[in-house]
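Engineer: Sequence:
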Amino acid sequence: MKSKNSISRLALSAMFLALSFLMPFLTGQIPQIGSMLCPMHIPVILCGYICGAPWGLAVGFVAPLLRSAILGMPPLFPSAVSMAFELAAYGLLSGVLYRTMKKSRLNIYLSLIISMVIGRLVWGLAQFICLGLDSEKFGLAAFFSGAVTTALPGIIIQLILIPLLIMVYENKLSQLIQD
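Last residue of the sequence shown: 275 in this note's numbering, with the numbers rising by one and none dropped.
Since the hints were made in silico from the structure, they are not lab data.
Using N, Cα and C, we set each Cβ at its ideal position, and we do this for glycine too.
One or more hints might be untrue.
[What the hints assert, rightly or not] The calculated DSBU-like cross-link candidates involving lysine-lysine, where the alpha carbons are at most 30 angstroms apart (straight line), are: (1) 198 / 268; (2) 268 / 100; (3) 268 / 199; (4) 100 / 199.
[To be verified] Label-pair ranges, simulated between beta-carbon atoms: (5) 268 / 240: 34 to 40 angstroms; (6) 122 / 198: 18 to 24 angstroms; (7) 114 / 226: 25 to 31 angstroms.
Produce the entire structure from the sequences given, and follow the hints as far as they go.
Structural biologist: Written out as structure tokens, the structure is:
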């Protein structure tokens with residue numbers, strides 16, 4: 097049974113990686129819209145919830161680097177590198193928190209918000225390091241603009257869509273167990 101479960105998680109993780117690769121096409125390849133909607137984030141966070149922390153971390157780290165290597169978007173340095181650490185944090189934390197917190201709707205939101213806040217902080221730290229630890233190049237105003245202001249539409253979409261998808265997933269899973 098363990099082998100079947102591992103294969104299922106591998107297949108689902110591959111699907112989430114493919115989605116994180118393809119979803120930015122929905123933004124029409126306009127970087128400003130992509131920055132606002134954060135289309136790569138949703139599949140990575142869902143991967144953490146559904147497949148678990150190790151799979152979420154791996155998909156989150158690989159997704160922006162793979163997309164950058166193949167399509168040139170996001171630009172490898174510093175964007176894709178910083179996003180790799182940010183998305184890895186999202187995948188890891190969403191998986192860990194979802195598995196350790198008592199199952200409830202409130203805790204789905206709580207685990208998502210904690211994952212999003214820490215992921216944004218990881219992005220800011222990675223961006224700061226990539227830009228040479230220079231607050232002139234990346235200071236608090238740039239962090240707040242990139243992490244919150246610009247991404248606000250994507251944050252709102254994630255806060256609405258991800259909990260709904262996880263609740264549907266939990267409902268379908270409980271129905272399968274009962275059958």
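Engineer: Evaluate each hint against the coordinates.
Structural biologist: Structure-based check of all given hints:
Our distance criterion of 30 angstroms between C-alpha atoms is met by residue 198 and residue 268, whose separation comes to about 18 angstroms. At roughly 19 angstroms between alpha-carbon atoms, residue 268 and residue 100 fall within 30 angstroms of each other, so this suggested pair holds. Restraint check for residue 268 and residue 199: satisfied, since their Cα atoms lie roughly 15 angstroms apart, inside the 30 angstroms limit. About 24 angstroms separates the Cα atoms of residue 100 and residue 199, which keeps this hinted pair within 30 angstroms; it holds.
At roughly 38 angstroms, the beta-carbon separation of residue 268 and residue 240 lies within the given 34 to 40 angstroms, and the hint holds. A C-beta distance of roughly 34 angstroms is found between residue 122 and residue 198, which places it outside the suggested range of 18 to 24 angstroms. Residue 114 and residue 226 have their C-beta atoms about 27 angstroms apart, which keeps the hinted 25 to 31 angstroms range intact.
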